[in-house]
Amino acid sequence: MTVILLGLFSGIAFGFVIQRIGASNANKMALAHLMREAQIPQFMLLAVAFSAIGLFGLQAAGVGRTMVLPTSLVATGLAAVIFGVGWGLSGYCPGTCWAAVGEGRMDAVFALLGGLAGAATFAQFHEILIPSLYLPTSQGPITLSDWLGSSWLAVIVLVGAMGGATWLVGKLWGRDSA
Amino acid sequence: MKPDDNSPYWSVMPAAMALAGIIVFIFATFGPPASSSGFITLLKGVLAHLAPGYIAARQHYLMMPGPGSWLMAFVLGMAIGGFIAGRTFAVPVRDVPELWEKRFGKSRVKRFLAAFVGGFLILFGARLAGGCTLGLFISGSTQLAISGLYFGVVIFAVAMLTARLVYGKTGKEKS
Numbered sequence: 009m010t011v012i013l014l015g016l017f018s019g020i021a022f023g024f025v026i027q028r029i030g031a032s033n034a035n036k037m038a039l040a041h042l043m044r045e046a047q048i049p050q051f052m053l054l055a056v057a058f059s060a061i062g063l064f065g066l067q068a069a070g071v072g073r074t075m076v077l078p079t080s081l082v083a084t085g086l087a088a089v090i091f092g093v094g095w096g097l098s099g100y101c102p103g104t105c106w107a108a109v110g111e112g113r114m115d116a117v118f119a120l121l122g123g124l125a126g127a128a129t130f131a132q133f134h135e136i137l138i139p140s141l142y143l144p145t146s147q148g149p150i151t152l153s154d155w156l157g158s159s160w161l162a163v164i165v166l167v168g169a170m171g172g173a174t175w176l177v178g179k180l181w182g183r184d185s186a
Numbered sequence: 111m112k113p114d115d116n117s118p119y120w121s122v123m124p125a126a127m128a129l130a131g132i133i134v135f136i137f138a139t140f141g142p143p144a145s146s147s148g149f150i151t152l153l154k155g156v157l158a159h160l161a162p163g164y165i166a167a168r169q170h171y172l173m174m175p176g177p178g179s180w181l182m183a184f185v186l187g188m189a190i191g192g193f194i195a196g197r198t199f200a201v202p203v204r205d206v207p208e209l210w211e212k213r214f215g216k217s218r219v220k221r222f223l224a225a226f227v228g229g230f231l232i233l234f235g236a237r238l239a240g241g242c243t244l245g246l247f248i249s250g251s252t253q254l255a256i257s258g259l260y261f262g263v264v265i266f267a268v269a270m271l272t273a274r275l276v277y278g279k280t281g282k283e284k285s
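Which chain is which? The protein sequence lines are A and B, in order. Count along the first sequence starting at 1, add 8, and that's the number in the working numbering. Count along the second sequence starting at 1, add 110, and that's the number in the working numbering.
Accuracy of the hints is not assured; some may be wrong.
[Stated by the list, open to error] Examples of chain A residues toward chain B, derived with CB under 7 Å: (1) A131; (2) H134; (3) A162.
The set of hints was computed from the structure by calculation and includes no laboratory data. Glycine included, every Cβ here is placed at the ideal spot set by N, Cα and C.
Can you build the whole structure from these sequences, using the hints too?
Listed below in structure tokens is the structure:
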């Protein structure tokens, strides 16, 4: 029961914050993709940077649970292309569409239904797609720490990259906060 | 970093700190946050009644918890959070986004169909990769995973290209 309440509480807080930055607004998301709205991409990049610092602290204290997903050159890349087309077309991600449904956006209800159909379709073909697309080019659960040989150096590099990307978005994106 | 002074939306910095606080809380109390998995747990719950034999033979349902789980509670919580935030917000919601309406007209059917197709693609892709914007890009990158960074770069690039193709010239006009 505790786990359900923790999930519910975390979800409510998460849904509230992403609505307040406009990530559940498909119009704002489309403007972000069209390089006219900088807040959503900057918000995501900085959230990753701050979370990485926080998680580093948690791990130093020996708290929490992590699980790194493997990198499959083919499957992760191809999946990202399919995902990107759907994201650019609808303006919703699997998380934001739940918050948008809660807000009362009717198009998000259809994105959620389409999502259920897409998830069910993938689950039907999991046994064929994972061995053929995912496993052959899987590099295992590699991390920046593996590449750089030190986890604190990896956190510094990640935070630097996210900070740099945030700055770049501020330079290149317009300031259309519709 | 700040929307217009009269914008009801939050500024980037406090919003990003708030989200990071929530994400770190989730890592401490549960593990890596994820939302596309919630679709599988929901389907698993529905199919457990309709076709128990089917899900018992499918790896993708076997590897995910059912609806009595953190994942299910989290996505339902997101809808509740969206509801509370929406009720206390100055900007009314629309069923057809402004930019979409400018490009494709007022047709709700057209927009809902595009949202359905887009929803299908994001979940199909997320399940193939093992996560979505949150479950792979944000969770993964926070854990310094190459998979999360790789997925994040490609989804942003492809979504930006797709939006350009979808909105064409309309996408460049000032609103």
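Structure-based check of each hint:
1. A131: Status holds, d = 4 Å.
2. H134: holds (4 Å)
3. A162: With Cβ-Cβ at 5 Å, under 7 Å, it holds.
Of the hints listed earlier, there is not a single one the structure fails to meet.
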